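Peer 1: So the chains spell out like this:
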Amino acid sequence: MSTDTATPTPGSKVAAVLAPANAPLRGRRSPLASVGLHATLVVASVIAVFPVLWVLLTSLKPPAYATSTDFFKDTTLTNYTNLLNDTPFLTWFANSLLVAGLTTVLGVFIAATTGYAVSRFRFPGKRGLMWTLLITQMFPVAVLIVPIYNIMSSMGLLNQPVGLVITYLTIAVPFCAWMMKGFFDTIPREIDESGQVDGLTPFGTFWRLILPLAKPGIAVTAFYSFVTAWGEVAYASAFMVGDENLTLAGGLQKFVNQYGAQWGPMAAASVLIAIPAALVFLFAQRHLVTGVSAGAVKG
Amino acid sequence: MAVHTSQSVAEAAGDDVARGPGRGAGRNPDKGRGMVTFRRSLSTHWYAWTMVAPVVIVIGVIIGYPLFRGIYLSMTDANERNVERSIGVNQMPATYEFVGLDNYADALTGDQFLGTLGWTLVWTVSCVSVTFLLGLGLANILNRRIAGRSFYRMMLILPWAIPGFVSVFAWRFLYNEDRGFLNRILAGGGIDAVPWLNDPTMAKISVIAVNVWLGVPFMMVALLGGLQSIDSAQYEAAEMDGANAWQRFRHITLPGLRPVSATVILLSTIWTFNMFPVIFLLTRGGPGEATQILVTQAFKFSFEISPRDFAQSSTWGVLILILLMLFAAVYRRVLRKQGDVW
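Sequence lines, in order, name chains A and B. The numbering of the first sequence is the working numbering, which starts it at 161 and goes up by one. The numbering of the second sequence is the working numbering, which starts it at 910 and goes up by one.
It is worth saying that the hints were derived from the structure and are not from the lab. All of these numbers come straight from a predicted model, not from anything done at the bench. Hints should not be assumed to be uniformly reliable.
Okay, derived cross-link-like pairs now, SDA-like style, lysine to any residue, Cα gap no bigger than 25 Å in a straight line [to be verified]:
#, chain 1, residue 1, chain 2, residue 2
1, A, K414, B, N1107
2, A, K233, B, L1017
3, A, K414, B, K1209
4, B, K1113, B, L1175
5, B, K1209, A, L318
6, B, K1113, B, A1016
7, A, K375, A, V387
8, A, K233, B, R1093
9, B, K1246, B, I1231
10, B, K1246, A, G288
11, A, K375, A, T346
12, B, K1209, A, Q320
13, A, K414, A, A226
14, B, K1246, A, R287
15, B, K1246, B, A1102
16, A, K414, B, D1087
17, B, K1113, B, F1090
18, B, K1246, B, L1233
19, A, K414, B, N1085
20, B, K1209, B, F1090
21, A, K375, A, T361
22, B, K1113, A, V203
23, A, K414, B, E1213
24, B, K1209, B, E989
Sample of chain B residues facing chain A (criterion: CB under 8 Å; computed from the structure) [what the hints assert, rightly or not]:
#, residue
25, V967
26, I972
27, L1010
28, Y1013
29, A1014
30, A1070
31, I1071
32, F1078
33, F1090
34, I1094
35, T1110
36, P1186
37, K1209
38, P1216
39, S1223
40, V1227
For every residue, glycine included, the Cβ atom is placed at its ideal position computed from N, Cα and C.
Excised from the complex, chain A in its bound form:
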C-alpha cells in the first residue's frame, strides 16, 4: 500500500514545497491548491494512522476473523480476555515496567548533575566528555552486545532484570546527560548568578534553583528514556530467554514465531502496549521535540 498510495504524493508535494512557508495567507491560494494540500494531508494521515487503526480493529474481532478485511466483524473482547488469562502477557508487561522504570530512574539520577555541569561550567575534560557522550550515542548495538553478554554471563546476570537494566544504562546515561544539557541551556544563567550572590555553592544552586525549574525537561528526558527502554529489541531478545523472563519486545515475538501466527492476541497485546504510550507521547511531544533539537542543535 505504501508504495502504491505514495505515488500521487510527490506531485502535490512539489506544489507545496514551491509555496512560501511562512507567508501569511492573503486569500491568494486558489481553491485547487487548497484541495491539493488537503488531499496530500489526508492521504499522508491515512497512511500514518491506518496500520495502527487496523491493529486496533483486528484486536476487536474474534480470532477466527483476524485476517478478515471487514472493518468490523462481530466485535468482541475475546482477544483481550484470552491474552490476559492464557498468556504470560502480564508477566512480560511487569518485566518491561520494572526494567524500563529502573533504567529511567537510575539514568536520570546519574546524569542530572552532569547535564548541568556541561551546560554551565567550563572545565578541563569537558570537550572530551561531550565527545564521549555524543559518540556513545552512535554506538551500534553490535559493538557492546557480545562483550556485555559475556560479562553478564560470567556474573550470572543473564536472564535477570538487573542485567538488562545495567545494559540499558549504557544507552540511557549518555542520552539523558545530553538531553538534560539541552534543557539546562534554556534556563537563564542569571538565575545561577543570583544563587551565587546569595551565597549558594554551585551544587546548591543546581539543587535548589535549577532543578525545580528544569522539572518539565527532566520529565521529558525520563519519559523518553523510558520509551527507549520499553521498545528496545536487540538486547532484550539476546539476553532474556524463557517465557517468564521476557520483556514485551521479546514476548510479542512469541505470538508470530513460536505458536504460528496468533494475530488476534498479538493485536490485543499491541493495543495494550501502544495506547498508553501513544497517549502520553502525544501529550508530551511538543517538549520532546524541543529537547531533542535543543540538545542536538546547540551541542
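Following the hints, complete the assembly by docking chain B onto the known chain A.
Peer 2: Same frame as chain A, now just chain B:
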C-alpha cells in the same frame, strides 16, 4: 561548542587553568609547578568534576570496559565453545587465542561483509533521503495556515508515538502474504498476491517503506520547528523584490533550515544505519540474506547461529563503529567548510 556556555565562575578562574591535570603535569618538566597547576585546577574545578563523576564512572565501567573487551575479542578466535563459561557447577576457563587482525582481514577481503555493507548503504541512503523529502514536504504544508492543521499534525505524528516493535508487527500483519490486508485488497482488484517479505527485491522495498513510515514524523516535526524559526520578514522582503515561490524556497527556506536539517540528517543516518528492530522483526534479514544489514548480521553471528561466533560479531561491531565515526567526522568537516558552526 562551549564558548557561550561558560559560567562566570569559570571565567573568573581564567582560561589558563583550563588544561587537563594529567597533561599539565606531564608536559611540565618542573614537577613542583605541575602540582601547583594541578592543585589550582582542582580547587577551581572540583565541583564540576564531582558533578560529572557519576557519568564518567558509569560510562567507564559499563561502556568503556565492554568496549575494550569487544575490541580485544575481535582480535581473538572466541566462540561459544572456547569462552569462559559454566557448565553445571564446573567453571570452564577461556581457551580462545589472540589472532591479531585476522578477523578484520577476513571481513574486509570476503564477500559477505562488503555485500552486506553495500545493501546497508543503499538502505541508509534511501531511507534517509525519502524520509527527509517527505518530512520536508509535510512540514512545509503544515507550516501554512490550513484548516485542521493541528488535527493533521496529530495524525501524522502517530507513528512516532507507537513503540517501534509494535508498529513493525502491525506492518508484518499487513504484509502477510496469504492473509495480510495488502494482498487481500490486491486480490479484491484481481491482482496476484505480492510476496512482500519473501521476494528479495520486494522485501527490500518493504523494509524501506516501513522504516520511512517510522521516521517521517520525527523528521517532519524537527523541520517544522526549523521552519517556524525562520523570520517571516525575509519572505515578505523577497516577495517585494519579486522572488517567485521556488526562489523563496531555494534561497530562504533551505538555507534557514540548514542547521536543523544538518542535525536531523546526521542523526537519522546513524539511527538508520543501526536500525535493528525493523529488519530483525520484519524479515530476520531474509529472504536468504537479502535484507540483512550490518547490525543484524553481527547479531546473527553471536546469537542465532551455532556455534556462536563472538569474534566475528565483535569484528563487525567495531567496523560499524569505525564507519559511523568516519561518517560523522567527514560530515562535520563538510558542514564546517560551508560555514556552519556545529
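Peer 1: Each hint needs a verdict: does it hold in this structure or not?
Peer 2: Here is what the structure says about each hint:
{"no.": "1", "hint": "K414(A) - N1107(B)", "result": "holds, 20 Å"}
{"no.": "2", "hint": "K233(A) - L1017(B)", "result": "violated, 55 Å"}
{"no.": "3", "hint": "K414(A) - K1209(B)", "result": "holds, 18 Å"}
{"no.": "4", "hint": "K1113(B) - L1175(B)", "result": "holds, 23 Å"}
{"no.": "5", "hint": "K1209(B) - L318(A)", "result": "holds, 18 Å"}
{"no.": "6", "hint": "K1113(B) - A1016(B)", "result": "holds, 23 Å"}
{"no.": "7", "hint": "K375(A) - V387(A)", "result": "holds, 18 Å"}
{"no.": "8", "hint": "K233(A) - R1093(B)", "result": "holds, 16 Å"}
{"no.": "9", "hint": "K1246(B) - I1231(B)", "result": "holds, 23 Å"}
{"no.": "10", "hint": "K1246(B) - G288(A)", "result": "holds, 23 Å"}
{"no.": "11", "hint": "K375(A) - T346(A)", "result": "holds, 12 Å"}
{"no.": "12", "hint": "K1209(B) - Q320(A)", "result": "holds, 22 Å"}
{"no.": "13", "hint": "K414(A) - A226(A)", "result": "holds, 17 Å"}
{"no.": "14", "hint": "K1246(B) - R287(A)", "result": "holds, 21 Å"}
{"no.": "15", "hint": "K1246(B) - A1102(B)", "result": "violated, 50 Å"}
{"no.": "16", "hint": "K414(A) - D1087(B)", "result": "holds, 20 Å"}
{"no.": "17", "hint": "K1113(B) - F1090(B)", "result": "holds, 19 Å"}
{"no.": "18", "hint": "K1246(B) - L1233(B)", "result": "holds, 20 Å"}
{"no.": "19", "hint": "K414(A) - N1085(B)", "result": "holds, 16 Å"}
{"no.": "20", "hint": "K1209(B) - F1090(B)", "result": "violated, 30 Å"}
{"no.": "21", "hint": "K375(A) - T361(A)", "result": "holds, 20 Å"}
{"no.": "22", "hint": "K1113(B) - V203(A)", "result": "holds, 23 Å"}
{"no.": "23", "hint": "K414(A) - E1213(B)", "result": "holds, 16 Å"}
{"no.": "24", "hint": "K1209(B) - E989(B)", "result": "holds, 13 Å"}
{"no.": "25", "hint": "V967", "result": "holds, 5 Å"}
{"no.": "26", "hint": "I972", "result": "holds, 5 Å"}
{"no.": "27", "hint": "L1010", "result": "violated, 17 Å"}
{"no.": "28", "hint": "Y1013", "result": "violated, 14 Å"}
{"no.": "29", "hint": "A1014", "result": "violated, 19 Å"}
{"no.": "30", "hint": "A1070", "result": "holds, 4 Å"}
{"no.": "31", "hint": "I1071", "result": "holds, 5 Å"}
{"no.": "32", "hint": "F1078", "result": "holds, 6 Å"}
{"no.": "33", "hint": "F1090", "result": "holds, 6 Å"}
{"no.": "34", "hint": "I1094", "result": "holds, 7 Å"}
{"no.": "35", "hint": "T1110", "result": "violated, 12 Å"}
{"no.": "36", "hint": "P1186", "result": "holds, 4 Å"}
{"no.": "37", "hint": "K1209", "result": "violated, 10 Å"}
{"no.": "38", "hint": "P1216", "result": "violated, 13 Å"}
{"no.": "39", "hint": "S1223", "result": "holds, 5 Å"}
{"no.": "40", "hint": "V1227", "result": "holds, 6 Å"}
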